[in-house]
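Position chains S, D and E relative to chain R; hints supplied.
Protein chains in written order, with this note's numbering: chain R, 1 to 387; chain S, 1001 to 1387; chain D, 2001 to 2310; chain E, 3001 to 3310.
In short, the hints are calculated from the structure, not lab data. Incorrect hints may appear among the rest.
[Stated by the list, open to error] Below, in silico cross-link-like pairs of lysine-lysine (DSS-like), each with a Cα-Cα straight-line distance of 30 Å or less:
id, chain 1, residue 1, chain 2, residue 2
1, S, LYS1179, E, LYS3184
2, S, LYS1107, S, LYS1182
3, E, LYS3184, S, LYS1182
4, S, LYS1109, S, LYS1182
5, D, LYS2184, R, LYS179
6, R, LYS182, D, LYS2184
7, R, LYS182, E, LYS3184
8, S, LYS1182, D, LYS2184
9, R, LYS182, R, LYS107
10, R, LYS109, R, LYS182
[Said to hold, decoys possible] Derived DEER-like restraints, expressed as beta-carbon distance ranges:
id, chain 1, residue 1, chain 2, residue 2, range
11, D, LYS2184, S, ALA1269, 46 to 52 Å
12, D, GLY2064, S, ALA1267, 26 to 32 Å
13, E, ARG3010, R, ASN52, 34 to 40 Å
14, E, ALA3018, R, ARG202, 55 to 61 Å
15, R, GLY228, E, ALA3018, 37 to 43 Å
16, S, LYS1002, E, GLN3187, 32 to 38 Å
17, D, GLU2121, S, ASN1068, 44 to 50 Å
18, S, ARG1340, E, ARG3010, 37 to 43 Å
19, R, ASP148, E, PHE3307, 50 to 56 Å
20, R, ALA303, D, ALA2181, 48 to 54 Å
Note that the structure is a prediction, hence the values are computed from the model and not measured. Note that beta-carbon positions come from the ideal geometry of N, C-alpha and C, so glycine has one too.
What follows is each chain in one-letter form.
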Amino acid sequence: MKLQYTPEQQAFRAEVRAWMAAHVPKEPLLTLEGRQGYDQHVAWERELAGGNWGMVTWDEAYGGRGLNLIEWLIFEEEYWAAGAPLRVNQNGIFLLGPTIMDVGTAKQKARFLPPMARGETIWAQAWSEPNAGSDMAAITCRADRDGDHYVLNGQKTWSSRGAFADWAFGLFRSDRDSKRHKGLSFIVFDLNSPGITRRPIRQLHGNPGFAEIFFDNVRTPVENRLGGEGDGWNVAMATAGFERGLMLRSPGRFQAAAQRLIELYRANASHAAPSTREAVVRAWSAAQAYAYNTYAVAADIMAGGRIGAESSLNKIFWSELDRAMHRTAMHLLGAGAELRRFADGAVNDWLEGYVFSLSGPIYAGSNEIQRNIVAERLLGLPRAGAG
Amino acid sequence: MKLQYTPEQQAFRAEVRAWMAAHVPKEPLLTLEGRQGYDQHVAWERELAGGNWGMVTWDEAYGGRGLNLIEWLIFEEEYWAAGAPLRVNQNGIFLLGPTIMDVGTAKQKARFLPPMARGETIWAQAWSEPNAGSDMAAITCRADRDGDHYVLNGQKTWSSRGAFADWAFGLFRSDRDSKRHKGLSFIVFDLNSPGITRRPIRQLHGNPGFAEIFFDNVRTPVENRLGGEGDGWNVAMATAGFERGLMLRSPGRFQAAAQRLIELYRANASHAAPSTREAVVRAWSAAQAYAYNTYAVAADIMAGGRIGAESSLNKIFWSELDRAMHRTAMHLLGAGAELRRFADGAVNDWLEGYVFSLSGPIYAGSNEIQRNIVAERLLGLPRAGAG
Amino acid sequence: MTYRLSDDQRLLSESVRAFFTGTHPPQSVRQAASEGHVAATVRQGLVEMGLTRLLVPEAHGGLGLGFLEGALVAREAGRVCLADPLLEAALVAAPWLASRGQTDALDAISEGRSQAPLAHEANPWVLGGGGDRLDSIDPLRRLTTAPQVRSDDALLLNIGALMTAAELVGLAEAMLEQACAYAKVRQQFGQPIGAFQAIKHQLANCAVCLEFARPVVWRAACALQDGTPTAPLHVSHAKVVATDAAWSTAETAIQVHGAMGYTYEVDLHFWMKRSWALAGAWGHRDFHLNRIDAALIGGDVPVGPSFTFI
Amino acid sequence: MTYRLSDDQRLLSESVRAFFTGTHPPQSVRQAASEGHVAATVRQGLVEMGLTRLLVPEAHGGLGLGFLEGALVAREAGRVCLADPLLEAALVAAPWLASRGQTDALDAISEGRSQAPLAHEANPWVLGGGGDRLDSIDPLRRLTTAPQVRSDDALLLNIGALMTAAELVGLAEAMLEQACAYAKVRQQFGQPIGAFQAIKHQLANCAVCLEFARPVVWRAACALQDGTPTAPLHVSHAKVVATDAAWSTAETAIQVHGAMGYTYEVDLHFWMKRSWALAGAWGHRDFHLNRIDAALIGGDVPVGPSFTFI
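Isolated chain R, as found in the complex (with noise of 0.2 Å):
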């Protein structure tokens, strides 16, 4: 254990914090599910880029700056703390870029990661179906094989960013026969091919946000499948440990939003109830442990380790920090909490965030599922028979 950074460490935090401070745009983006919204992501993922920022860890060759993760968690702890905008590509760079780079052949890392580094490239996920959801394995959309070609059909949904994304990826049952999580394949595919239907999918404040695809004889070429054929689920499954684990969510917006939280309290101090000063001070407190649990996470990774069921401990205490922080600021807003704008006119950013986190603990693998994994694969509790 040695917690002090490398002068180089420090170097490179002032670094990134000194570009920030001149790229980061002063007024906040419109959000990333509209249309303007989602062009003015992308432009600033080419904006980062242009910096050589698209993601850090990268060799130079796809676009990265060869950096190890601990200098990934400092570039992302200034990243947040600049206030920077969400990554509109996180489903590319986060999720399927580690897969690539796990499990790619050196064509496919070479053909998808420099484009998605330069964010020329928006990544959609395909994950689930109608009635695949908590219940993955269930997947019904078929990958027919036809010579080098798969042809895809059947429907995928909530895919986020699949509205206005360029590609996506997914799992399709490769073998007609198959059942449950064998037979399965993982597949990317471009979102403009000819047969794809994209329809937004309302959300509940009344924006579009995840979309639902449907495939009609949609072919895509058999370059496109990562890792074997049939063996989708164990590809899908290190993506998701990913996801859930180290780079879905780092660490920085949970302390930049547990330090807009304790502004929020000292400004509202007065008329706030002793459980919600705690909650503020507990705030503080998960979202540093949540930091120290990455920096080690990080650190077992560089030793050469991986992330198995640990993951879904991690999905399970960020959704539910993220949540209980967005509650307590609505508490600490009073009378205002409901406003979308306050009178002043500036957006209620914590009512947004508290309706958006309230898909923490449902997506990415519901919070029931990531429990019975950790009971089931870390504590070794028996599966189910009858329950």
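Just chains S, D and E now, with coordinates in the frame of chain R:
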């Protein structure tokens, strides 16, 4: 809705209060789990009976006062306000008594109720078996018919008051070929019958508590069966409804604890965390809500209703309230929380109470079972298939 | 001492429930949200049912009922997420104006012509007043900055908080029912998700929360009606437990619905948004918590088993 | 920046764990409780393993290791519910005395002859001192009122709180393991109770709690070792999360054990009692919560993403 007491009810409250002030022991009794404390508590039952307070709701013919449930609640309020001892005969007066009243024959009522009200017969319960705890339908203790007797064999365990009580009641399998809920009979028996061996179980704090009861060809007359042969499950469920519902834990006990907790808070306010302060407020709030709900249940019963699965809501609420209140007190006591006796020699009854409160979510049907009942019987959710 | 609704009170609840069920299905909520105002037929129905003059004194042509009856109707309004500010006008403004002898506005409320927006320092914005429009997360709350009347009178706050608490109870009940209904039909892993203990126990916790919130609200209504000196304490108690019940039921209900609960297509969000809004209305959660705290820890309210009804 | 135990630190943990597992089974806890003192062989083993002089400076014949190594050993002591006041003497008193140049008592600690009971205003009673005996719920804590030394020095409190936090982590880990082991074998309704989601999810919650408590404790140990100015904040953070983890795991573990958990026969209670006792030792939970509160809300500790390591 009419939330004022009548002058008669107020006069009754004054009468209870005056009697309690004159009779409640000035020094706390020893724990009723030990021989000496048990005897003290039995003496107290007889003193209560001397004032005709054994069970105020029963007919005068059975040693009661023929009062209604509102008056019973007033009695209980003043009982707990006076800091009177635990009722060593609660298995009798609150659990078995109402069941006898419900399904007993005139002869059974005349035989069992008056000595119960007079504190002459103290009752133990004998529900659980080593392999039938939460899963009570797994009972294997047998009651084989032999003429006008049942011959009891098997083992019961976790029998509260089992070590010293005079009589006990429980479920026995009277149909050898039956399974699960069928073929059980509800039988009461003299704990001093030949063939019975009792073994006190040492509880975690080192004192004896509940007991194991071993049956070796114990003969008990058929007239000691309550309800029909094979109908024991239904009779027991009625008892369990009373237990979990109205009578097992009357609100006064929790209101008294909340009152003491507020005093403890005031004495320790300077070093209490904000959440502890709010937990104190919540203790009063929850104890009051529990009291209101009990008055509502009492009014429903007086209007001809019966307690059903709602009693499971009650059980969950009071058991978690009790644990939360004592946990809060432990936080307030700080360094002193661990002491069995404080430096001044006073017993740390918050610690004792905390330890006792841990049994609340376990006994009388674990809270997991209660939540299943609520979900299935009140909310109509399906029983588990593969779960 | 009878902690039980009278036959008349039960009949009132049942008939209002039947009326709302028939005339105000979720579709009317959806329609009011998209059109920006409630259908005229809904308002007309409220007038015809006598709900707008429920708490108007008989001397002014009203039904002259009390706060408990008002709270029972507010709960029903919550159950259907009523797309009309009935609560603010008929259940809060009317009885307060009447109690202050300001009877001029009562006819307009009775006839459904006025929302009589009243503001209080703990409830700064009003439904349907003048001034600037504010944008609430609840599309059915047309908030504005300029009230018709502003008063910081304590009774006004207490009536507002009580009725809001009752509406929150109704909202929570409805959200629990919606979640249970979904859990019975949504299949995953070859069975309805409601068969899983993880789902069952979360929903059971909501039922516990509600079971012990309802009687607190009725008790507060009686205390306010009876002029009990500690009525403000009981009103705050009601607002806190009702807010907690609605808030936790909302979080559970959306969790049970999974991604479906995050869509506009499922009705749940209307009820959630109303709950979030009402948590802050007529004294927010922390305001009422602090009022209980001040009475119990700082104050001299008698506590203990002898004081169930103080 | 490496948030990872070194190979030496891992080896230390593993060898201490192996040693305790071999020499200090639950039976020795039970025996110490019934006999009123720990077996002499246990103490002798601690001395022979070098654990009594782990934090004694090399100049005084010790191993001269740091607070993180001490915390790792304290955690192992918690895992086995060590029936010896090793923590108070060797992990708290020794390094504090050494830091204050009071080296006279170090030999006695190293040789296992002294428990060197030290008191602090936040930890008023001591293990094995003189004066009156106090009766702890933990039968293995022989509390007395008269310390050998009393100091209200902040470093003493911080060392005591850190080591206690580490022991609490070990206690929680052990209770979670005991509950899981029981849930795998106890059958009800035809299957192990650990197959029920209601049990699984409660235990999973404990695992989450622990996963995010451990790194806070190691971070506090490093901060104290490095002399970081904000070390007291980190120590309080560690004590709070470790206390919460142990307390909630204890409540879950007894619930999973059902009535069996309420018996003396099952080992769990020794671990629970130690947890309850340590929650109050070296600054109780509320004391440390208030210390964090004062630093964050009242103070000027820098917070935010740039200040993970302050």
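Hint by hint, here is what the structure shows:
At roughly 25 Å between alpha-carbon atoms, LYS1179/S and LYS3184/E fall within 30 Å of each other, so this suggested pair holds. A hinted pair counts as satisfied when its Cα atoms are at most 30 Å apart, and LYS1107/S with LYS1182/S qualifies at roughly 26 Å. A threshold of 30 Å between alpha carbons decides the hint, and for LYS3184/E with LYS1182/S the separation of about 29 Å falls inside it, so the pair holds. Pair hint LYS1109/S plus LYS1182/S holds up; C-alpha atoms about 26 Å apart against a cutoff of 30 Å.
Note on LYS2184/D and LYS179/R: the hinted pairing holds, with a Cα-Cα distance of about 25 Å set against a maximum of 30 Å. This hinted pair checks out: LYS182/R and LYS2184/D have alpha carbons roughly 29 Å apart, not beyond 30 Å. Using a Cα cut-off of 30 Å, the hinted pair LYS182/R and LYS3184/E holds, with the two alpha carbons roughly 29 Å apart. Between LYS1182/S and LYS2184/D the alpha-carbon distance is near 29 Å, which keeps this suggested pair within the 30 Å criterion.
For a cut-off of 30 Å, the pair hint linking LYS182/R to LYS107/R stands: about 26 Å separates their Cα positions. A threshold of 30 Å between alpha carbons decides the hint, and for LYS109/R with LYS182/R the separation of about 26 Å falls inside it, so the pair holds. For LYS2184/D paired with ALA1269/S, a C-beta distance near 49 Å keeps the hint of 46 to 52 Å intact. Distance hint check for GLY2064/D and ALA1267/S: the Cβ-Cβ separation is about 49 Å, which falls outside the suggested range of 26 to 32 Å.
The supplied range of 34 to 40 Å is met by ARG3010/E and ASN52/R, whose beta-carbon atoms lie about 37 Å from each other. The hinted range of 55 to 61 Å is satisfied by ALA3018/E and ARG202/R, whose Cβ atoms lie roughly 60 Å apart. Our hint of 37 to 43 Å for GLY228/R and ALA3018/E holds, since their Cβ atoms are close to 42 Å apart. LYS1002/S and GLN3187/E have their C-beta atoms about 52 Å apart, which leaves the hinted 32 to 38 Å range violated.
About 46 Å separates the C-beta atoms of GLU2121/D and ASN1068/S, a value consistent with the hinted range of 44 to 50 Å. Range check, ARG1340/S to ARG3010/E: Cβ separation about 40 Å, and the 37 to 43 Å hint holds. Checked against the hint of 50 to 56 Å, the C-beta distance between ASP148/R and PHE3307/E comes to roughly 54 Å, which is consistent with it. Between ALA303/R and ALA2181/D the Cβ separation comes to about 50 Å, which falls inside the hinted range of 48 to 54 Å.
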